[in-house]
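Protein chains in written order, with the working numbering: chain H, 5 to 374; chain Z, 5 to 374.
Check before you lean on any hint, since a few could be wrong.
Claimed, not checked - Stretch by stretch, here's where chain Z covers chain H in the computed footprint (C-beta under 8 Å, at least three residues):
#1 154 to 165
#2 193 to 205
Said to hold, decoys possible - Label-pair distances were calculated between CB atoms; the ranges are:
#3 Z/ARG300 - H/HIS278: 30 to 40 Å
#4 H/ARG371 - Z/GLN173: 56 to 66 Å
#5 H/GLY157 - Z/ARG78: 52 to 62 Å
#6 H/ARG225 - Z/TRP284: 37 to 47 Å
#7 Z/ARG70 - H/ASP17: 46 to 56 Å
#8 H/LYS84 - Z/LYS106: 31 to 41 Å
#9 Z/TRP284 - H/PHE229: 53 to 63 Å
#10 H/HIS278 - Z/GLU120: 20 to 30 Å
#11 H/LYS84 - Z/ARG371: 30 to 40 Å
#12 Z/ARG170 - H/ALA53: 12 to 22 Å
#13 Z/ALA26 - H/GLY305: 23 to 33 Å
#14 Z/ALA108 - H/MET121: 27 to 37 Å
#15 Z/LYS106 - H/VAL270: 35 to 45 Å
The set of hints was computed from the structure by calculation and includes no laboratory data.
The C-beta atom is built at its ideal place from N, Cα and C for all residues, glycine as well.
Each chain is listed here by its residues.
Number of protein chains: 2
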Amino acid sequence: MAFQILHDDYNSDARTGLLSTAHGDIATPVFMPCASRAVVRACSSQQLAALGLQMLISNTYHLLLRPGPDVIARAGGLHKFMGWPGVLATDSGGYQVFSLGKLAEITEGGVRFRNEMDGSEIFLSPEDSIHLQNQLSADLIMCFDECAPYPCGYEYARDSVEMTLRWAQRCRQAHQGDTQALFGIVQGSVYDDLRERSARETVAIGFDGYSIGGLSVGESRQEMFAALDTSLTYLPADKPRYAMGLGTPLDIVQCVRRGVDMFDCVLPTRNARHGSVLTWDGVIKINNAQYRQDYRPLAEGCDCPACRQHSRAYLHHLFRINEAAAWTLLSLHNLRFYVRLMERVREGIAAGELNDLERQLCAWTQRDEQ
Amino acid sequence: MAFQILHDDYNSDARTGLLSTAHGDIATPVFMPCASRAVVRACSSQQLAALGLQMLISNTYHLLLRPGPDVIARAGGLHKFMGWPGVLATDSGGYQVFSLGKLAEITEGGVRFRNEMDGSEIFLSPEDSIHLQNQLSADLIMCFDECAPYPCGYEYARDSVEMTLRWAQRCRQAHQGDTQALFGIVQGSVYDDLRERSARETVAIGFDGYSIGGLSVGESRQEMFAALDTSLTYLPADKPRYAMGLGTPLDIVQCVRRGVDMFDCVLPTRNARHGSVLTWDGVIKINNAQYRQDYRPLAEGCDCPACRQHSRAYLHHLFRINEAAAWTLLSLHNLRFYVRLMERVREGIAAGELNDLERQLCAWTQRDEQ
Chain H
5 MAFQILHDDY NSDARTGLLS TAHGDIATPV FMPCASRAVV RACSSQQLAA LGLQMLISNT
65 YHLLLRPGPD VIARAGGLHK FMGWPGVLAT DSGGYQVFSL GKLAEITEGG VRFRNEMDGS
125 EIFLSPEDSI HLQNQLSADL IMCFDECAPY PCGYEYARDS VEMTLRWAQR CRQAHQGDTQ
185 ALFGIVQGSV YDDLRERSAR ETVAIGFDGY SIGGLSVGES RQEMFAALDT SLTYLPADKP
245 RYAMGLGTPL DIVQCVRRGV DMFDCVLPTR NARHGSVLTW DGVIKINNAQ YRQDYRPLAE
305 GCDCPACRQH SRAYLHHLFR INEAAAWTLL SLHNLRFYVR LMERVREGIA AGELNDLERQ
365 LCAWTQRDEQ
Chain Z
5 MAFQILHDDY NSDARTGLLS TAHGDIATPV FMPCASRAVV RACSSQQLAA LGLQMLISNT
65 YHLLLRPGPD VIARAGGLHK FMGWPGVLAT DSGGYQVFSL GKLAEITEGG VRFRNEMDGS
125 EIFLSPEDSI HLQNQLSADL IMCFDECAPY PCGYEYARDS VEMTLRWAQR CRQAHQGDTQ
185 ALFGIVQGSV YDDLRERSAR ETVAIGFDGY SIGGLSVGES RQEMFAALDT SLTYLPADKP
245 RYAMGLGTPL DIVQCVRRGV DMFDCVLPTR NARHGSVLTW DGVIKINNAQ YRQDYRPLAE
305 GCDCPACRQH SRAYLHHLFR INEAAAWTLL SLHNLRFYVR LMERVREGIA AGELNDLERQ
365 LCAWTQRDEQ
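I would like the entire structure built from these sequences, with the hints used as guidance.
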């Protein structure tokens, strides 16, 4: 993997770049929809490619449980298994082990947890996670980290950062082959000195890119941006930076201004399945009675399959009868919105007009919160 | 609507034809997937059109409850509401009132039933059904009939046929405009003389085409074909004939040999959502463990979106995790199978080789029943 910065923003730390991988070049900043179980929910790979999406992220924890790494390895890797021709990343599963698994034990060696599918016990070490990710063969893979809970006491957070650093060493060591880029993960909860130490020492180990973890886990927006800012301060400018699990359109623009290059979030698809639809004028709740006889498209000028073919009234009807086709169409719409958002972000950086986009999204978010 | 017979089969009563409507010409025999609630479940109109489907059938009963006829009328009719550019039929809702509704009362005037959505009482007369179907503005519409239950005593069936005939008169009278074709419906349960009377008298009223109702409601296969044969005997050769609610691939071929031109059935999509996948070698139950590591497409040579992009192993995984994308992909596959089936039926008639297709499907069905 190679990363090249194309344009530095004059007004902020934002930059556009090009991430070159074996499965194509990615224009950054980029948003990766979550295909945690080897599928972006309610969408087919073909539909996603048609939206102009460049890259998806899947999840080692979910794939370990189902369908199992053997099934994907025998398919020839995750790209072939999913029928996805574009670029893929995998998360290490650390976050999911801690947030979803019935944890039995965390030791220096790794974590033991209960398989939610069949109740069996699974042990996952940093080496195991990297080995699994090597088998899955996504283009970008992640170190196995402990994502500390929020709120988190200082001492727990400190010990967690230290263990995550030792695990990062072991991941670096365990990683096989040179076609997959390995990203280190910065943790440290909301503590400045821990964020600094985590970032400095992760960079000292040396990775192809750096992820900032432990964000948007319950902390305030102010705490989140403080933790992000500190983390970013100590990351090298010439490597891609990935803010894990973010975010809303406004989050993304505000992170981009700070120098973040990559994002992933379940929001556009999860919200779609709950009837929350993104437009440049704000959020539409398609379930609302006001859309029953609204024959306009979800968003004027949108070229997604929902807007090209259907009205709000029709989508309201499909959503009301609990139709899977509604989840698909609304998901495709929201994902297309994110594709356009990232295009506008990149254009905004190149043209020095990122502020305008941020202002629009601020107004939009305030209106939505009223 | 015009109907032209293109080719009469030398070996059977099968024929190919051309049904010309305001929304395009339909090659018959044709299969209409069920878009009962203005959607073929888990599929978008765009996906259906891409499969080569010519025609869908929707349902007055379902649309009356949701979204309501006002919503569809204000959209400019069902084609526009659904975003479906092709040909549409609507069923009158008779069958659904009797099979789904909490019936309060059947009178000469019409039926009173309880709205399953909100518990309110709805009265539907033959005139109401036609008026609603005029509003929906599908290309083909159906008379409002009583579909007698099975088993059904002779006297009930006789009275029901007589009332359905009087209702057919009223429907003929109530029908407005000349762009929509109106079909009469032959009933008569499993009684030869009632089938004969129903067919003769329906034809005497005079319709653009004739539907054969009350089939596949619980009677044996032998009884079904006997009732069908009697009904067909008294229908004019130059009008299209529609066997309502049928059927399996073998049913379809065996009905086509008897001179049926049109079919509708929920089987291909309902079975798909339950993991039953059609191939020319028989049925695949995608949930079976044997497909966990089967990297072949569902069917060799199939050009549907599922087969072009994905393996059985991947679809098995999606189905196992209860993914809506699986329902969509499997539905599209089964519908594509039906499109190809009807193409093969029409080619078989033109080439005098319908027997070969029937033999293949017989072997297939026997294998599947073992």
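To see whether the hints hold, each was checked on the structure:
1. Three residues within the 8 Å Cβ limit are the bar, and the segment 154 to 165 of chain H against chain Z gives 0, so the coverage statement is violated.
2. Beta-carbon proximity to chain Z at under 8 Å applies to 0 residues in the segment 193 to 205 of chain H; the threshold of 3 is not reached and the given coverage is violated.
3. Between Z/ARG300 and H/HIS278 the Cβ separation comes to about 36 Å, which falls inside the hinted range of 30 to 40 Å.
4. Taking 56 to 66 Å as the suggested C-beta distance range, the pair H/ARG371 and Z/GLN173 conforms, at roughly 58 Å.
5. Checked against the hint of 52 to 62 Å, the C-beta distance between H/GLY157 and Z/ARG78 comes to roughly 60 Å, which is consistent with it.
6. Between H/ARG225 and Z/TRP284, the C-beta spacing of about 58 Å breaks the proposed range 37 to 47 Å.
7. The supplied range of 46 to 56 Å is met by Z/ARG70 and H/ASP17, whose beta-carbon atoms lie about 51 Å from each other.
8. Judged by the Cβ atoms, the range 31 to 41 Å given for H/LYS84 and Z/LYS106 is violated: they are separated by roughly 51 Å.
9. Checked against the given bound of 53 to 63 Å, the beta carbons of Z/TRP284 and H/PHE229, roughly 59 Å apart, stay inside it.
10. The given range of 20 to 30 Å is respected by H/HIS278 and Z/GLU120, whose C-beta atoms sit roughly 25 Å from each other.
11. For H/LYS84 paired with Z/ARG371, a C-beta distance near 31 Å keeps the hint of 30 to 40 Å intact.
12. Separated by about 57 Å at the C-beta atoms, Z/ARG170 and H/ALA53 break the suggested range of 12 to 22 Å.
13. At about 30 Å, the beta-carbon gap between Z/ALA26 and H/GLY305 stays in the expected band of 23 to 33 Å.
14. Judged by the Cβ atoms, the range 27 to 37 Å given for Z/ALA108 and H/MET121 is violated: they are separated by roughly 48 Å.
15. Roughly 41 Å separates the CB atoms of Z/LYS106 and H/VAL270, a value that falls within the hinted 35 to 45 Å.
Violated hints, listed in ascending order, are 1, 2, 6, 8, 12 and 14; each of the other numbered hints is respected by the structure.
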